[in-house]
Every structure is written in structure tokens, then in C-alpha cells.
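S.K.: Listed below, chain by chain, are the residues.
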Amino acid sequence: MPPTTNHTLDEILNLAALHFKVPRERLTPDDDFFKTLGIDSLQALDLLTRLESHFRIELPDYELQGVSDFRTLASRIQARL
Amino acid sequence: MLDLRQYASLGAALKDALERWPNEVCLIEADRDREKVRLTYSDFKEMARPLCRALEDAEFKAGDRAAIIMTNQSKWLISAYSIFFCGGVLVPLDYKLTAAEHLQLLAHSKARFLVIEYYLWRAITQSPEFAKLTAEIVLVTEAPVGLSHGGGAADLQGAYRWEEFKRKGEPQFVARQREDTACIVYSSGTGGRPKGCVLTHDSYLEQCASLTAWYPFWPGVRYLSILPTNHAIDFMVGFIGPFVCGACVVHLRTLRPEFVRDAFVRYRITYVSLVPMVLKNLERGLRAKFDELKPRKRWMLERLIGLNKMLTRGRPRVELSRRLLPQVHKAFGGELRALIVGGAFTDPSTLQFFYDLGIPAPCGYGLTEACTAVTLNDLKPFRADTVGKPLPGSEVRVLNPDGDGIGEVAVRSRAVMSHYLDDPEQTAQTIVEGWLLTGDLGRFDVDGRGHLQLFGRKKNMIVTDGGKNIYPEDIEVAFDGLPVKEFCVFAANYLWPQKTLGDEILVLVVRLEQNQQFDDRLRDEIVARNRRLADFQRVGGYLAWEKDFPRTTSLKIKRGELAAEIGAGAARAGVVEV
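Those sequence lines, one after another, are chains A and B. Here my numbering runs 4 ahead of the position in the first sequence, where the first position is 1. Here my numbering runs 841 ahead of the position in the second sequence, where the first position is 1.
Calculated directly from the structure, the hints in this document are not laboratory data.
Listed below are several chain A residues computed to face chain B (Cβ distance under 10 Å; list not exhaustive): (1) D36; (2) K39; (3) D44; (4) S45; (5) D50; (6) L52; (7) T53; (8) E67; (9) G70.
None of these values were measured; they are calculated from a predicted model. Backbone N, C-alpha and C fix where the C-beta goes; we use that ideal spot for every residue, glycine too.
With the hints as constraints, model all of the structure from the sequences given.
M.R.: What follows is the structure, encoded as C-alpha cells:
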């Protein structure tokens, strides 16, 4: 059974915290991840790669265009699970 | 390479290039590690022919305008070539704009014909403004099989699949003259007044000859195209330049850093153009690798970098550097000759970092109004603290220099645009007595070798390290209806001029209603609206201003006057970060 969106979101937040070495409790679903993580769009693509290998999916770059919060990112990933 | 002096148009030069090197590979397209397309110049011609014929049949005529909205891929170049072959004017649009912005610029350019990628077309068809689409013929690339022209509810909304828009037979080449328009390239104006730079065939052919004189291409060179092809730099050095020299362009369908790094090695890349953000990313990756080395290896590496630095002080010696630092050069494929950097301010320490490794990262300076580049580092010798020397054929002057020799940079060359489309007023303000006023502040370095140094901007705009030019007027639309008396967006450096570049931000200046308090609700509203903008367009902070804005009789904000008032009456430290 595929995981729920909330579960997916939680995993994304855990992975982002781990990858960018920030305390997990500092991240919330509606955060602007560019700002919270202090990253640029290329580093965001790096994160996407980590997420792809974790969830075993492939996301084209354009899926991230205009996405800047964890919740929307989770819904894009969820749609491909 | 072709002798460009003999050609009257881009179409004519490209057409000859396809004949001249039929068996050379001109295009490779890869999606991640999967190669999808590999074309010789002869294959390219074969792919363009049916499209040219179909355009002829659709009565696409000399001077007709055609837009392209696509990520980098082989079909971008094939479409552009076909448009030029048929005598058309190309309008390359930024694929990162919104559907509403695309529709606005399509209407402004009066493009009859549009080639667009499926996901972008889908966004346009779902836009409330879709009815305003003015293009008559639309070709969609990457459309799922099964969707086609006029196929019912789930069809392409009147568009054709790129693959289906073709005809048999030999198309007739349409000649153009040097002074005819080749491209209309938008430098800004999605939210306000579109600035469509009208560039002639002469501009491009002259610019291409100058650039390739300093950085030549030849058959066998592989150029990695990762900047968007709609951008002036990639259009020139990732299409026109390589093609008129018989070289090869490599497209990647993803810009994930690890696949970009992999492509350097897989395709043994010779040149790549980058914006500072990507260069910084590569630097970060290399530094992280260096940090992982054991102390002894690290010590050895530092010594070798020092030796390379000493031996390449006067000029690059790529072969020698490859021998001294083989692991570093292997990580870039072993054939890399230069990382060409432009589009925004680049930290000199990053440029120096790569030069010291034996990978020259020449920095350039240009603007869409001047076709591609105005100055470029010629590596004789390398200078990390300048944007190089004027290219052959470009005259550069510093107007009204202050005590430090810093003034507005002005450019005169055949590469400069002829005018802004349908805007004589802005044209007259920008091109004065044949000189393009860039709005950038600079001076020639005191060493007397003609290197230009930039120090800031006179104009109200910012350039991000991703190479995006953001004009405040274009993003104000996101704040329309904000519950305040009035607001205006400025570049911080325009309000508080400083003689540096980098770390540029936009500031939202708000004037509250009488008795209105700046409360959390207003702050949240600003944050929410800001987040609706693309990440690179967002304002960095806001400032509450306590006087009414000066306005013209037609009630337009007098931006210059207001900026001077704010600059004198408020401190930059008063800007609250969003």
C-alpha cells in the first residue's frame, strides 16, 4: 500500500534535515525551503535527487518549477508513488 | 569555420554549415544518463526539411514572427533553424515565465507561430487568459502519444504535435539582408512595459565573428548547453557559434548537478557557459571532495595547485595543468578548455579557484540589448577582478566618471540592438547618439590594458546569481491589492547606491493608510504574496515609508524622485527581512 501524503511529507522533512544538516524540529510543512534551508535552486535539485532515490521514482526538473514548500513537494512526489 | 563576412543572414550561414560538415555530429541530447538523440549536420538538415516545407505551406513568410518556449533540446535548434530558413523572425521566450506572462509576450511580439513543450502548453491552455492567445499555428513537443490536433476534449487545443507538422518535398530558402530583424529578445517587461530588443542578422553575425576570434570552435569541440537557449549567451555560444564552426552541442534534459558533472566526463566537454550560481555549485562540490582527502594527499594537492598557479600566471597552459592535476581535470572529462561565466556578478575568488586548478573561467559582461557580450576576459593574462576587455568591434566608454573614474558604461558596436519593439520612447532613452547606455557603473582598470571593472548599477533592477534580470515593475503585480495606501518596489542598491555588485535584493516600500498599523496580518499578507512569485523574483525585505509618494499628473509614481527621498530619509538597515 502506498504511503499517505502525511507520511511522505514526514519522510521529506527528515531527509531534508539530514541532507542539509539542520535540526528536524526547525522544519515545518509550509516552510519555504529555499529560505529555511538557505539553499539555491541547484541545491534544491540535489535534494530532489536524494528524494528520488529514497522513494524510487523519477521526477522531471519541471515538476519542481514554482515549488518552494515541502507540502507541495510532497504532493508532487505522492502523485508518482 | 565559415567566413561570416560572406553571409547576409543567420539562415544563410546555418544552411551552409549543414552542407559543409555533413558527417560531423552537431547535436547530442541526453536525459540523465540516457542518450536520446545524436544527430550529424546531415541528420539535422533532414529533420528540419519537412518542418520548413510545412511552414511554407502554412504561408509563413519573410519577416513573420515565430516564438519558441522550450527547455534546451535538439528540437529547439531545429525549430529555430527552420524559422530562419523560411525568412522568419525568432522570438525566444524564457520557459520559466508563467503562462500569463507567456501569453502577454506572445501578444506583444505578434508571433504567428509558436513551438512549445507540452507541459508549458498545458499551463497556457489552462490559463484564464488562454482566449487571448494570438499565435495562429502552435506546435507542441513531447506531447503524449494519442493527443493530436483537433482530437476532441483531450486534444491539444488546436495545436499540432511537432512530429505531425511536416510535409514532403524540398523547401525554398528565403534570403534575408543583414539589416533585417533576426530576433526579438525580451530583456524585461512581463509585468509592465515589455522591452523587446530587436536584433538584426548583422548584430548576430558580427557578434559571432568577435566571440569566435577569441574563443574558437572547430569540428570535434563539444559545448555543453545548460543555460537556457532562449538566453542571449546560450543562443550564441550554444547554437550559432558552434554550428558555424562545425562543432557539437550537448543538451541535457536535467540540470541536476550530478548529471551535469557526469556529462562533462561522458561527453568530454570542451567548453561550457555558466551563470555564477552553477560555478559556485561546482566549486562547492570540488572543495567538499578536497576536504575528504587524507592530510598527506591534501598537502600534496595544495603544493601542486601552488605550482600550477605559478606556472600559469602569465597565460593558461591547459596541457601542463592537466598533467599536474590529473584527477581534477579527469573529473571534468579531461578535455575542458574553459568555463565561460556570465549573466551576473561573479565572486572573483571563485574564478580564481578554477584558474588555479588550470581551468580558466573567463568572465564576461553583456546585456541582451548588446546581443550577447560586450567584454570578455581574453586570458592575456587572466584577471579575476574584471569582466575583461571590449570584444573586437565593440567600443566602450565610461560616461561622466567620478573622482574614482567610475561612471555609466556605454557601448557602441554593430552588435547593439536596433531598437525596442514598438517603443520609440524607451529606445530614445537607451540609445543616445549611437551609444547604448547600459545603466551599469564601471571603470577601466588603472593597469591601462583595457580591462573593464563593474561597480554597481544606475538602473532600478537586480541581477540574481542565477543570471536573471529582475525589474521591480515586473513583480509589483504580485502585490496589487495589498491593503495599504500605496506601495512601490525598488532595488536596494538603487535606493542606497553602493559601488559593489552581488547580494542584490528588492525592497517593497509601503505607505500605510492614516491610522493604519503595520500589524502581523499585513506582514503575513506580504509574505504570502511574495511566495507566489518565483523564488528568484521575490522581494528580500520591506520598508514602511511615512510620506505620500510623489506622483505625476497622470498619477504615476515618480520612481526616481521617491527613490531619492527614501535614500536620503531612511537607512538600509531599516529594511525588515521577509
